[in-house]
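Number of protein chains: 4
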Amino acid sequence: MNPLFFPEILKKLKRGPQVVLPKDIGVILAYSGVGKNSLVVDAGAGSGWLAISLANIAKRVVSYEWREEFAELAERNAKKAGVEGSLEIKRKNVLEGIDEKEADLVTLDLADSDKAVARAHAALRKGGMVFGYLPHVEQAKRFFDACATAGFSDIQMLEAIHRNYLVREAGVRPENTGLTHTAYLVFGTKK
Amino acid sequence: MNPLFFPEILKKLKRGPQVVLPKDIGVILAYSGVGKNSLVVDAGAGSGWLAISLANIAKRVVSYEWREEFAELAERNAKKAGVEGSLEIKRKNVLEGIDEKEADLVTLDLADSDKAVARAHAALRKGGMVFGYLPHVEQAKRFFDACATAGFSDIQMLEAIHRNYLVREAGVRPENTGLTHTAYLVFGTKK
Amino acid sequence: MNPLFFPEILKKLKRGPQVVLPKDIGVILAYSGVGKNSLVVDAGAGSGWLAISLANIAKRVVSYEWREEFAELAERNAKKAGVEGSLEIKRKNVLEGIDEKEADLVTLDLADSDKAVARAHAALRKGGMVFGYLPHVEQAKRFFDACATAGFSDIQMLEAIHRNYLVREAGVRPENTGLTHTAYLVFGTKK
Amino acid sequence: MNPLFFPEILKKLKRGPQVVLPKDIGVILAYSGVGKNSLVVDAGAGSGWLAISLANIAKRVVSYEWREEFAELAERNAKKAGVEGSLEIKRKNVLEGIDEKEADLVTLDLADSDKAVARAHAALRKGGMVFGYLPHVEQAKRFFDACATAGFSDIQMLEAIHRNYLVREAGVRPENTGLTHTAYLVFGTKK
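Residue numbers (numbering that gives the first Met the number 0), protein chains in the order written: chain A, 0 to 190; chain B, 0 to 190; chain C, 0 to 190; chain D, 0 to 190.
Fair warning: there could be bad hints in the mix.
[Said to hold, decoys possible] Calculated from the model, a selection of chain C residues having no Cβ within reach of chain A, i.e. all distances over 12 Å: (1) F4; (2) R14; (3) K58; (4) R59; (5) R66; (6) E87; (7) N92; (8) L94; (9) G96; (10) D98; (11) R118; (12) E137; (13) V171; (14) T176; (15) L178.
[To be verified] Below, a list of computed lysine-lysine pairs in the DSS-like style, where the Cα atoms sit at most 25 Å apart: (16) C/K79 to C/K114; (17) D/K190 to C/K13; (18) D/K35 to C/K78; (19) B/K10 to A/K125; (20) A/K13 to A/K78.
Because the hints were derived from the structure by calculation, they are not lab data.
Cβ coordinates follow ideal geometry from the N, Cα and C atoms, glycine included.
Chain A extracted, bound-state conformation (with noise of 0.2 Å):
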C-alpha cells in the first residue's frame, strides 16, 4: 500500500492512531470556505493535526483539549509546524461551553460530538458551519438530527474517497489496496 501522503506542514509531526488525515481535512477546507479572515473554533485537539491544519489558514483557531497530555503534545506539534501565532490550544471540555462568538467554522471529533452541536451553534456568526468527524454511521445519524434539532440548515453527511493510481511503464492503474474508510463527514450551516 502506497504510503499516506502529507503536506510539509504536516509532515514532520508526531501523530496518535486517529489523525484527521488530508483526504478529509481537504473537504473540511473546501466546504466551509475557511480563510486568512476566519476564526475557527476545534474540539478535541488531539495531537492537533486538523488544528495546525486550520491555524496554517485561518487568522484564529481556538482549540479545545481538557486532557492534559494531548494539549501539550498539540502545542508542540503547533510549534513545529510554525502555526503557534495562530493557534490557542485551550485546556477545557468543550462540552461545558465555547467562549467564542462569531465563529466561522466550529470543528468537532470527539467520541460524543452530537452533544457539542447545539453549544457550537451559539458561537457561529450567520452563515458559519459546524463540522462533525464520525468514525460510524450511528454516529453520523446522531450528529446529523443534533444539527437539525440545534437548528442548522443545509445539513449534509458525506464520505470521502481517495483512489490512488501507479503510473509506470506497464501501464497506469489505481493502488491495489488503500484506505477505504476514515469517517463520515456531516457540515451543518447556521442560517
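Assemble chains B, C and D onto chain A, guided by the hints.
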C-alpha cells in the same frame, strides 16, 4: 441527484461548465498545505473558481488567462467573492513564461497542462508543489511523465470521490445517483 | 448518464422501479456459488428479475410472492426469458413459512427481510447461504443481527459499486455521473 | 483487512497470485447471462478459477491453456471443485485459433488478450459476448479498440468495487483498508 455543495464565497459566482469543484479544490488545499503566507500561481483562470478559493486563503495569487472574456469574468467573480485584494488576473498565456519566483504552489488546468510543467518547476521554491487537473487518463499520464522529466519528486496521481448520503426517517443510505468523475489530480514536489 | 446494462435474458422484460440490477445479481451468483444443480428459494418475486436470473442457472428456483399482480408479472417475465421450466412462482407470504428443504441459497428482498431469516435457516442445507438486499444501513444492520441470532456464520455486509468508463478518441475517463447506490448486500452461511 | 470471500466451490482450491476473484466473476456471470445451457470458451486457464466458476453453471466450458504446468493445476482444481464433467482444459494457445463455434461467451485473461478478440468474434454465436480482464488502463483501451475493429457492439469498460462493512456493537462502518483494484472489465456483444 443532490445539488452540488458550494461554500459561501463561491455560491453567488457565475460559472462555466468546467469549474474546479470544491471536492477537488479541497484536495489541492490539503495536499499543498497552502496557507495565509503562500504565493500561488494559477493557470488558466477560466471563471476563476480555483483562483478565488486559493485567494481566500493565500497571501497572493496570480492567475494567468490570455482569453479576455474569461479574464473579465474571473475579475468580476473575484470582486463578488471579496478576494480581489489577493488575486491578480494576468493577461498572459502561461506557456510563454511565468514571471513569479519562489511560488509555493502552481496549479494548472489547461488543455495542455503538461507543456507548462517545466515553467512551473522554475517558478516554484524548493519544497513547492505543482498541481494538474486532468479529465482523461492519457492527459494525466502525460502530465505525470512531464513532472518526472522536469525534475519533480513524490509525483502522485489520484481521484477524489465523494459519496453523499440521504439521512431520513426511513433510514440512512447513499444517494442513488451522483457525480462519479471530474478529473484525475496529479501533484509533484520540487525537492 | 450511461444506460444501464442488461444481459439478453433480462433485456426485454418489464420492470418495476425496484428490480435487483445485474451489478448486484452478479455478487449473489459469485458469492453463493449457485450452479446448475442448485435449489434456490427467493422472496419476494416482485417483477421477477432476480428469480429469473437465478432460474437461468439453477436446477430449480421457487420464488414466493403473495401479491397476485406481481406474481403474474413475474410469470409473464419468466416465459419471455424462457426460464419458466425452472422457476415456480409460489403464491404465499414467505413469512408464513418456507416449504422447501435442503436449499442451496435463499435470497430475500422484502421490506422486512430480517423477519424471514430464521425460516431461511431452516430451509437451507448445511453450507447453504442466505442473502439479503437492503437499501438502508439500518435494515442491513437488522438483517445482519438476525443472521447472527438465527445461527448463521461468516456473516458479511458489502456494497458493489460499478464505475463505467467512456473510451473515446479524446481519451479514457469514467462517466461524469452514474448510479452510486442500490442496496447493501448481506450474506450468511449455515454451518 | 478482511479476508477475501470465496464460495464453497472455490474455497479449497489452490490459487496463483492472479486468479480472477468472485468480485469480478460475478460481473461476468451477470452481464453475460451465462446459464445452464451455455457454451463458454475461456483463455488462459491459469489456475482455473474463472473456468471452474463458469463450469459450475454452464453446460460446457472449454478453457485454453498451453502451459502444461497450469493446465495440470487447473485440471486438479476442477476435480476438487467437482466440475470436471463440464470443463475441458485444452492444451493450445488460443491465439492459434478457437475450435468451438456458436459459443455464448468467450472470456479472455491473457497478457495480450486484444490479439484474441477477432478469433473470439468468429467463435461466438450472434448475441454472444466477449469479455476481457485487463489490469491496466492501456490494455483495457487496446482491448476496447480491438473489439470495435472486430465488429463487436455495445462495447463497455467498467470496474467493480466492493466495499466491505464492519458490523459491531460500536456501530457500522466500512473496513478501513481493503482491495481497491483488480482489473478493468471490458465486454462486447456480437450483433
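Checked hints:
1. The Cβ of C/F4 sits about 22 Å from the closest Cβ of chain A, beyond the 12 Å cut-off, so the non-interface label holds.
2. No beta-carbon of chain A comes within 12 Å of the beta-carbon of C/R14; the shortest separation is about 30 Å.
3. At the 12 Å boundary, the C-beta of C/K58 stays outside the reach of chain A, the nearest C-beta of that chain being 37 Å off.
4. At roughly 38 Å from the closest C-beta of chain A, the C-beta of C/R59 stays outside 12 Å, upholding its exclusion from the interface.
5. For C/R66, the condition that its CB be more than 12 Å from all CB atoms of chain A holds, with the nearest at approximately 32 Å.
6. Look at C/E87: its CB is around 38 Å from the nearest CB on chain A, clear of 12 Å, so calling it non-interface holds up.
7. Annotated as non-interface, C/N92 keeps its C-beta farther than 12 Å from every C-beta of chain A; the closest such distance is 30 Å.
8. Distance check for C/L94 against chain A: the nearest CB is about 27 Å away, which clears 12 Å, and the non-interface claim stands.
9. C/G96, annotated as away from the interface, keeps every beta carbon of chain A farther than 12 Å; the closest lies near 33 Å.
10. Under the 12 Å C-beta cut-off, the non-interface status given to C/D98 relative to chain A holds; the minimum distance is some 37 Å.
11. Its beta-carbon lying about 28 Å from the closest one in chain A, C/R118 satisfies the requirement of being farther than 12 Å from that chain.
12. Annotated as non-interface, C/E137 brings its C-beta within 12 Å of a C-beta of chain A; the closest such distance is 9 Å.
13. Listed as a non-interface residue, C/V171 fails to keep its Cβ farther than 12 Å from every Cβ of chain A; the least gap is roughly 9 Å.
14. The beta carbon of C/T176 is kept farther than 12 Å from every beta carbon of chain A, the shortest such distance being approximately 16 Å.
15. For C/L178, the requirement that its beta carbon stay farther than 12 Å from each beta carbon of chain A is met, with the minimum near 16 Å.
16. The suggested pairing of C/K79 with C/K114 is violated, with an alpha-carbon distance near 32 Å, which exceeds 25 Å.
17. Between D/K190 and C/K13, the direct Cα distance comes to roughly 22 Å. Compliance with the 25 Å bound is thereby established for this hinted pair.
18. Straight-line distance between C-alpha atoms of D/K35 and C/K78 comes to about 17 Å, which keeps the hinted pair within the 25 Å bound.
19. Our distance criterion of 25 Å between C-alpha atoms is met by B/K10 and A/K125, whose separation comes to about 15 Å.
20. For the suggested pair A/K13 and A/K78, the alpha carbons sit about 12 Å apart, so the restraint of at most 25 Å is met.
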